[in-house]
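Please model the entire structure based on the sequences and the hints provided.
Chains as they are written, first to last, in my numbering: chain A, 1 to 168; chain B, 1 to 88.
These are computed hints drawn from the structure, not numbers from a lab. All C-beta atoms, glycine included, are put in the ideal place defined by N, C-alpha and C. Please note: incorrect hints may appear among the correct ones.
Heads up, incomplete: computed chain B residues facing chain A, CB under 10 Å, no partners named [claimed, not checked]:
no. : residue
1   : Leu64
2   : Val67
3   : Ala80
4   : Pro84
Okay, here's what each chain looks like letter by letter:
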Amino acid sequence: MYLTHEAIDLGRLVASVQSAARGGVACFLGTVRNHHGGREVLCLEYSAYAPMVEAECARITAEAEARWEVAIALRHRIGRLEIGDAAVVVVAASAHREEAFVACRYVIEELKRRVPIWKREVFADGSVEWVGVGEAGKRVSGEAGRPASADAGDTAPELVGRMEAESQ
Amino acid sequence: MPGPATPTLTVRVLLFASYADTLGFDSVQLSFDRPATVSDALERLRALPGGQSLPPKPMCALNLTHVRPDTRLSGGDELAVLPPLAGG
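Put into structure tokens, the structure is as follows:
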């Protein structure tokens, strides 16, 4: 399982991919920041489309392990996270550091681009906002048309096209 | 009930995060009496209260895989409409 409600145990993830042959281990931790857009953040609430998170993380991990000589460990936490908590951990272990670094980077970038996870920021002023949603999405009734076109959700067809091109 | 000449195509649509907030629900069944695509399902959603604030081409997944809006739907499919992703 790539998703967890529990605190992520980095040491356990490292141990799951490290071996006598794989001496280079690169780790990425994404932790909860205490600020966004100049405002103080109290905590984050992560939610997910869990079955697709599992499917997409398995695909990304398999892609990295096919492309480089690496073993990948990956976890993403959901639920309420406090400042400093690790939301995501990627570990890539390889015989050499170069492949470990590049595969680790690949996994976190693809996760951010493809894996259906969302977060709400709870600000010190009491407001709560979904992260990544344009101004149109923050309003209860957005103006039809123009504001939504700036939404990151518009990029979906390009995402699919690029994934198909990469698989060839 | 569907007649033999016009079999009904039913899919389950899932909404998440900001989209679920905006439309006020996170799951709905949509039925079509002719072949339909992801775009057709999105048009149905736009006709619902709050649906106009969906972007023109939201990210969509069909049966746990990212798809284009012109992808054809099959009976029993699970279509997910995904707000801008924010993992990590």
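With chain A as the partner, please determine if Ala80 of chain B meets the hint condition of a C-beta pair closer than 10 Å.
holds (6 Å)
With a cut-off of 10 Å on the beta carbons, see whether Val67 of chain B makes it to chain A.
holds (6 Å)
Against chain A, run the beta carbon of Pro84 of chain B and see if the smallest gap drops under 10 Å.
This hint holds: Pro84 of chain B lies near chain A, its Cβ roughly 4 Å from the closest one there, short of 10 Å.
Verify the interface restraint on Leu64 of chain B: the C-beta must sit less than 10 Å from at least one C-beta of chain A.
holds (4 Å)
In this structure, none of the earlier numbered hints is contradicted; all agree with it.
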